[in-house]
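Engineer: Each chain, written out:
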Amino acid sequence: MTDQTSGADLLTTADGKSLKSSLNRALRRQKIRALMLIAPLLLFILISFIAPIFDMLLRSVENQIVPDTIPRTIEALEEWDADTGEAPSEEVFAAFYTDLAIAEEYKTHTRLGSRLNYEKTGISSMFRSTGRRVGRFDTDAYTDGFTDADAAFADPAQWAAWMADDAVRASLPLTTDAYDAWALLTVEENNDIPAEEDPADFVYTALYRDLMNGNTAAAMPAVDVSAWEPVVISEQFIDANDGWADPEVWATIKTYGGTYTSGYFLNSVDLQLTPDGVETRPEDERIYITLFIRTIVLSILITGSCILLGYPIAYLLANLPLRSANVLMILVLLPFWTSLLVRTSAWKVLLQNQGVINDILVWIGIVADDNRLELINNATGTIIAMTHILLPFMILPLYSVMKTINPSYVRAAKSMGATDWTAFWRVYFPNSIPGIGAGSILVFILAIGYYITPELVGGTKGVFISNRIAYHISSSLNWGLAAALGSILLVLVLALYWLYDRLVGIDNVKLGG
Amino acid sequence: MAASATDKAFVEFERVQKSYDGETLVVKDLNLTMPKGEFLTMLGPSGSGKTTCLMMLAGFETATHGDIRIGGTSINNIPPHKRGIGMVFQNYALFPHMTVAENLAFPLEVRKIGKSEREEKVKRALDMVQMGQFGGRRPAQLSGGQQQRIALARALVFQPELVLMDEPLGALDKQLREHMQFEITRLAHELGITTVYVTHDQTEALTMSDRVAVFNDGRIQQLAPPDKLYEAPENSFVAQFIGENNTLTGKVETLSGERCTVRLDSGELIDARAVNVSAVGDRTKVSIRPERVEINKDRLSPDAHTLKAEVLEFIYMGDIFRTRLRVAGTDEFVIKTRNAPDQVRLERGQQIEIGWLAEDCHALDA
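One line per chain: the protein sequences are A and B, in this order.
My numbering applies: residue 1 is where the first sequence begins, and numbers increase by one.
My numbering applies: residue 1 is where the second sequence begins, and numbers increase by one.
Take the hints with a grain of salt, since some may be wrong.
To be verified - Listed below are the simulated EDC-like cross-link pairs for lysine to aspartate or glutamate, each with C-alpha atoms no more than 20 Å apart in a straight line:
hint : chain 1 : residue 1 : chain 2 : residue 2
1    : B       : Lys228    : B       : Glu291
2    : B       : Lys308    : B       : Asp265
3    : B       : Lys308    : B       : Glu332
4    : A       : Lys31     : A       : Asp55
5    : B       : Lys112    : A       : Asp180
6    : B       : Lys82     : A       : Asp420
Claimed, not checked - Covered, in the sense of this in silico footprint (three residues per stretch, anywhere, with C-beta under 8 Å from a C-beta of chain B), are these stretches of chain A:
hint : region
7    : 408 to 415
8    : 418 to 427
Since the hints were derived computationally from the structure, they do not count as laboratory data.
Just so we're clear, the structure is a prediction, and the values are computed from it rather than from any experiment.
Cβ coordinates follow ideal geometry from the N, Cα and C atoms, glycine included.
Extracted from the complex, chain B is given alone in its bound form (with noise of 0.2 Å):
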């Protein structure tokens, strides 16, 4: 039983506070519970504190309030060295003067493992990550990428149960990145590695994550799957932070459960779906995603309301188009329609109305 109550809980923050200078707190009131063989990433502009977190569990920073406990052992007063995370850096921080070979061996030689089974772990780690043939190679004879797997390798041939990644991709190109997401993702679900993943980067958040943690002003501002962080932002930061996203602004004119609808400040009603208001009167943020906004009102309900809008640019993107209307009162309304056989084409300056389902579009805080 106490092992599967650790296994649920394998990394706990509980109440963490870390302040720099004692008059800011760079993280508030850090509440966070990881399951074993999770991989969680903390996504965040920068200065949200994300990556002091990240430097808190890899002992780097010490949390001013607080308990970080790994596996149900606090570890608020255990040095970096005897944690057994292993962690990838931004830069990758491969020893230059070492080669790649004996970069993997440093972790194990510190652990005083054996010659013979040391050579066996450093060859495993760099097939792992289909280096093999570099081991006699220096750091600085490696590409971007061929460093990035090097440090990979060189975080797990030691067998950690936690590994933190800090913005490991931030200095590949596009093509690279995305493969590397993927082998990542793939390596972790293998090995069973619990995988703190630290980016500010929203798509590799979502395409790689079990869970993600959105992070703004030092507080976690919601934990959620990628698809329901996506789909059911709890907050107007979290919509506006992930993906493209329409903001309308309004008060509650009435509250029905989760129904609600909204007085636009240029005077029209819209349906919406109650997150982030509590009372009739509050002022919110309705938020609605570009591909949720319907241009064909027969595919919406009779009692829908509709807004009138003029279409002010039409961008054809290939596999989508990209329409920009002018709604409401605000000239950045974008909408997202798919190019399929049957879909209009919308022409500049022509007057259209649009419409959503009540459930897509979320009245947020405002």
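One chain only, chain A, in its complex shape (with noise of 0.2 Å):
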């Protein structure tokens, strides 16, 4: 009630300034009611769909897996250099023992495993089989070592004493990162307190290294450790695994160990990252191209194959009386009320090699019986299916653009002087291109990225790169390749979209009206 009085006097004073400012409150309300009508919507769509697909995309340069992982094999890493041609120094597989030690408790070392096996084949089951091992390392002699020479080594409750002691922590930087780590560890996997539990065997050897290194705390009982057999940890993997020898392998890890990568977009387009820098992958691992090159190269064949067999068709529909043009529409419409994939099915029986249309022809005496058409699980059984099941979607757009157009166009070209053909392409064919565009660009933005059907009848030569995602989000699980194939099927689209505003004007495009 206040709010209509003041408005009311606002009008009533005819001042320039506060009569546009309650203006633009009346608008505002307008707009909020506007904005509340299609909130549920909205957020529904924001947090079901736009934020999912974000999050997806994301995974295309996210590779926190593998400094959260191994973050100290990381740090050693730096200083070792992949041109030398040799595996890493101790230092680095000391580190890399630690993080593995942990990782193995966490049971995530087989995750980093699948996520390097993306770059180099083989590393997971390296992972796999020295996470085994890895607690079966010689380094027990390490801590039988420490608690032989003072019991006080094997006790829980003097280990939490010494690393609460800012001093001890301070002089023994490897220890207490060590010590921390599995503390954390033993808090978070097995629900034990730290105090009352013996440390691993990575702590000891932690301590040994600290104390090799010259590095000594003064509450600990003092260990000379420089008489003890070393047990060389490179030589523990390597015996686990031999792999471990390869500094390829190492140049792998040491590639991919920031946060963010782009591995996964480089992989997209057939190129890898080495620590050489980018490179085009090996001849036999090259498909990301060809599948984009294919998938686009199919979606402009389906596109205008659609035009070709939809525009004749539209024209009849717009210029037959509307009777049996309503009876054409159905039949145009049909399509739309059968499964995608009970279409798709059928296609596959009509086109198989003993399926129905090669046995006409062979009938018929076309086709030779021992000679019959592939026309399905190749690049053709595609065009042909997608044309099909597509074929509506150009047609639509086309009709209603095709209903616009005044038929004294054509009559006043003719009486002219035009001849038939003349008036059509004269005076039709421009009048009726909106549609073309806007039947084109559905058709090719739906083709682009079709899933169903390549799968169907595309065999291995007529599938789409949609297929490809598919089959790195529900079965090789590396979603952060599928995101980056994703993401450039997504700026490929817009790239087209904005190609096509360009050449043709997105203002061209009509529906309808």
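From the two separate chains plus the hints, produce the assembled complex.
Structural biologist: Structure below.
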């Protein structure tokens, strides 16, 4: 109520500014009301659709798992130069030992192995087999050495006390780091209290390395470790899996050590990241460029055949009397009422080698029985089936644009001396271009991301990039690569849309009216 | 001799019939002869067959029966684009994807006329309709009247001998329409073009045409110059359709040559001119124009029959007075009197006597 009276007051002042502000207020209320109307849908889409897609696309560059799982190794590897052609130093292996021992407890080493396996095959099994062995490394010799030297080393409470002492922490960095990680692990994974549990071997190993580095803590009993027989950790690893001696494995780990990576995207375009920079993949591993090109070329062919087949039908629809046009329209719309899967399966029956079409051709005598046409499980099958399935999306916009073309245009052209063809080509066709544009955009964008039909009738030569994306999402679980491929596809579509806008003008696209 | 014969019968419809569904005839037995240079209007209510006739002439519809000739040649089997007929459409049908100049150049281009000559002709045609500076515009950027001019120029640019116009002024407002009526007739006469003009607006038909063909029910009801059409309608449809008209019904009582007397259904006897009655006792509709009714008895001949009338309504319209009367049992009898200094202004309820000259009252078919 108060709002209304004050609004009326502003208006009666007839002052320009207050009139404007009250108008704004009125409009704002309208805008808020409009926003409220779409808010449920907007929120639903935002939460259930846009946000997950955005998250999914982020996976295409995300590489958190490597630095999160083996942070010490990545740090130690910075010193190492892959060009030497030698495996990294003992220092790196020691850091890797700590990381892997922790990761094995958390069971994250297999996931890391899968991640790195995308970049270099074989790494996954190395991680798995080494993970099984890492608890049984000979480093228990150090543990025994310390506990034999002084019983205090075998007392969990004593360890907890040392590690609470800032002086000890400052003088023994490796031990502190290892113990903290172990303590965290004990709490998180085993629900135990660190002060009651014996520290793991890798903590003693870290202490040994600290002491060998000349770091000592005054609070600890002095132990002379230099006389001990050293356990060579790199040998332990190579013993578990000789792949660890291969510098290329380490180069891969080093290259993909960052939090973010361009690796997935490079992989998407048949490139790979090596320590020496970006390189093309070996010929037998190139697949995605071919797939992208095939997706685009087939989509263009499908769009083209949709135009060729759809234009005459749309023309007929637009120029028939209403009654017959309605019957024809139902025929056009009929496929929409049938499941996509059913239609595609029908094509499978029709197109296969012993299928209906081949049988008829053989029966007529056009094709020899021993030389039946290959119509399915190749690009031909994909084009035939997808043209059929996407045809309504071409016909409908074409029809609605043609419906608006005044029939007197063609009559006028003919009355001025144009032949039927000239009247069509110079007058009717240019006016129907917006419909072709709208239909082509629709069909092309639908085609470029199509999945089910190429999957069922495309075989290996007729599959699209989307089939590969689906494979990486559901079978190989390489979501990062799937996300990168999806992002490239999205950018491709947007770029084509932009190009189309520049060439044809999006204002010229009409879906009707 | 032959040339002059085709000049007199430049456009001919001979026994033309047209049916769309094979059951009803839209055009029934049409016969029409047009001399060269004539401006002929086909006038009629919608569905009367006038547009069908135009479309048959243009070649967009084929005659079911009969012969259509232009310049002595039968055109039944000539496709529209070879007929060389200029045409202006109801909604102008300017090509939206071409500029005005391209629109005008189109008929010249399809005739393979050279570029320089083409440009010259387009310029001349645009100047002719005073649209010289609009060549670069798109049709959508023009007003209705301007589009109309362009459509006209486009129909004339290839110098056709025959131009067809299908209600070209229907979408314009009254003032512009009147202006364009004048302009179209001026151009048609200046260029000596034979014009067939279709409209349902009788004012347009009367003011523009040399002759008007009134269509109804698939037939030409009357083909005559505007003045004859108005003053001497041949049947009650034409009388009703053209201008305002009072109708009284009755039976022919006496008939002698041009003259007859009619006993109205209400019992009165009136004088009339026998136009479309053949025998005594025929039922007839007599038709009299509102402005030909006389309320001053002194101006009528002494032996003229008169009718009693009661004034129901008097409307002041500026230049004329329009008075509604109750006459011979009808409440819709209208008379128009000129607003002259000596004119009487009738009042409601006044009882008067009205009459007319026998030649102004037409006894027509019932």
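Engineer: Hints first: check each against the structure and report whether it holds.
Structural biologist: Outcome of the hint check:
1. Pair hint Lys228(B) plus Glu291(B) holds up; C-alpha atoms about 16 Å apart against a cutoff of 20 Å.
2. Between the alpha carbons of Lys308(B) and Asp265(B) the distance comes to roughly 15 Å, so the proposed pair stays at or under 20 Å and holds.
3. Pair hint Lys308(B) plus Glu332(B) holds up; C-alpha atoms about 14 Å apart against a cutoff of 20 Å.
4. Among the hinted pairs, Lys31(A) with Asp55(A) is inconsistent with the structure: their alpha-carbon atoms are about 30 Å apart, more than 20 Å.
5. For a cut-off of 20 Å, the pair hint linking Lys112(B) to Asp180(A) is broken: about 93 Å separates their Cα positions.
6. Under the criterion of a C-alpha separation no larger than 20 Å, the hint pairing Lys82(B) with Asp420(A) is consistent with the structure, at around 11 Å.
7. For the region 408 to 415 of chain A, the stated coverage by chain B is satisfied: 7 residues place a CB nearer than 8 Å to a CB of that chain, which reaches the threshold of 3.
8. Check result for the region 418 to 427 of chain A against chain B: holds, 7 residues qualifying (beta carbon to beta carbon below 8 Å, three or more required).
Hint compliance for this structure: hints 4 and 5 are not met, and every other hint is.
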